[in-house]
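Protein chains: 2
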Amino acid sequence: MPKVVVLRYGHRTVRDYRVSSHCCLVARAFGAKQIIIDGERDESILKSISDVSARWGGKFKVEFADGWKKTVEEYKKKGYFVVHLTMYGLSLQKKIRTIKNKEKILVIVGSQKVEPGVYELSDLNISVTLQPHSEIAALAVTLDRIFGGKELEKKFSGAKIRVKPMKKGKNVVKR
Amino acid sequence: MPKVVVLRYGHRTVRDYRVSSHCCLVARAFGAKQIIIDGERDESILKSISDVSARWGGKFKVEFADGWKKTVEEYKKKGYFVVHLTMYGLSLQKKIRTIKNKEKILVIVGSQKVEPGVYELSDLNISVTLQPHSEIAALAVTLDRIFGGKELEKKFSGAKIRVKPMKKGKNVVKR
Chain A
6 MPKVVVLRYG HRTVRDYRVS SHCCLVARAF GAKQIIIDGE RDESILKSIS DVSARWGGKF
66 KVEFADGWKK TVEEYKKKGY FVVHLTMYGL SLQKKIRTIK NKEKILVIVG SQKVEPGVYE
126 LSDLNISVTL QPHSEIAALA VTLDRIFGGK ELEKKFSGAK IRVKPMKKGK NVVKR
Chain B
6 MPKVVVLRYG HRTVRDYRVS SHCCLVARAF GAKQIIIDGE RDESILKSIS DVSARWGGKF
66 KVEFADGWKK TVEEYKKKGY FVVHLTMYGL SLQKKIRTIK NKEKILVIVG SQKVEPGVYE
126 LSDLNISVTL QPHSEIAALA VTLDRIFGGK ELEKKFSGAK IRVKPMKKGK NVVKR
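Keeping their order, the protein sequence lines are chains A and B.
Throughout the first sequence, residue numbering follows the working numbering, covering 6 to 180 in sequence.
Throughout the second sequence, residue numbering follows the working numbering, covering 6 to 180 in sequence.
Be careful, since some hints might not be right.
If several chains are the same, the list does not tell them apart, and a pair holds so long as it fits within one copy or across any two.
[Stated by the list, open to error] Capping the alpha-carbon separation at 27 Å, the derived lysine-lysine pairs in DSS-like fashion look like this: (1) K82 <-> K165; (2) K105 <-> K172; (3) K165 <-> K118; (4) K75 <-> K169; (5) K100 <-> K159; (6) K179 <-> K81; (7) K172 <-> K74; (8) K66 <-> K99; (9) K81 <-> K165.
Hints were generated in silico from the structure; no laboratory data involved.
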């Protein structure tokens, strides 16, 4: 399985809180090992995602970028293959084989305006459908394709609570 | 291919604008034929999604629910199979065969608090991973599984603009 790190480009405090939180939680739930947030330093998001990891388990990390460009260059040096999700890119289904064969992948999820440099520095610009929708959805579907659906079964070590699947209602088990 | 309608449960004006918009756009991009929004009547979301459809094509419809319960009951009468997405439900991958064999499916995407009646009235309560993440991601992955990835290739009739996939940069073609 490839190692996947997500870079959330262009976070703005308050305004982007929910969308960025969803990106973080999707990155974690769908098997990425880490998310790096570029933009305004927003301690509340760091805390809330760390709290989720502490309760629900796993080793997911959240941190802030020291500029998106520096982060991308650093990860390229470490051997990461850089995939930028954008509705203007090449279709995911046509490029997924190339992507999932990489050992280490940096997935960039942008916000409304992304600098041209992101397109230039990325190894692949990839579109999930060619329609306007959601970076959260694009991230989820891309990770699902990279991990071939196996992430749906992922176990999170050291969880204090976990869901016991139910036909009706809720059942959360504490350890 | 099944006919899919999405019910967005519990929309609050302003506060939920972005997340509900993302749900609407994902429903459209991933092949649902309609979304019904339950909660506060928010004309701005109706307008923005209708504008997207007018430009990007297709026959996607957005409307408001006259109460979630009435909507669910109405769709059940019309023969829709009701799937409620919740982290407490049965795993998507275990139930997808049952779901995708239905001709008509109503997918309910909730918000933070969902009334117990939603669990009761639904034919299936389904979880996409058993982790906390995002209703937007859950919706995208569920639709992707229902349509078996074919939605990624979906053409939208009557589009005024469309994306021409590019290795780098953006190319939007007008008709």
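Going down the list of hints, with the structure as the test:
1. Taking the shortest Cα distances, K82 and K165 never come within 27 Å of each other, neither inside one copy (36 Å) nor across copies (42 Å).
2. In this assembly of identical chains, the alpha carbons of K105 and K172 lie at most 27 Å apart only when taken from different copies (18 Å versus 34 Å within one copy).
3. Taking the shortest Cα distances, K165 and K118 sit within 27 Å of each other only across copies (22 Å), while inside one copy they are farther apart (39 Å).
4. For the identical chains of this complex, K75 and K169 are neighbours neither inside a copy (42 Å) nor across copies (30 Å), given an alpha-carbon limit of 27 Å.
5. Proximity of K100 to K159 under the C-alpha cut-off of 27 Å is found in both arrangements, the shortest distances being 24 Å within a copy and 17 Å between copies.
6. For the homomeric pair K179 and K81, neither the shortest alpha-carbon distance inside one copy (41 Å) nor that between copies (36 Å) is at most 27 Å.
7. For the homomeric pair K172 and K74, the shortest alpha-carbon distance between copies (19 Å) is at most 27 Å, but the shortest distance inside one copy (46 Å) is not.
8. In this assembly of identical chains, the alpha carbons of K66 and K99 never lie at most 27 Å apart, being 30 Å within a copy and 29 Å across copies at closest.
9. Taking the closest pair of Cα atoms, K81 and K165 never come within 27 Å of each other, the shortest separation being 35 Å inside a single copy and 38 Å across copies.
In summary, the numbered hints that this structure violates are 1, 4, 6, 8, 9.
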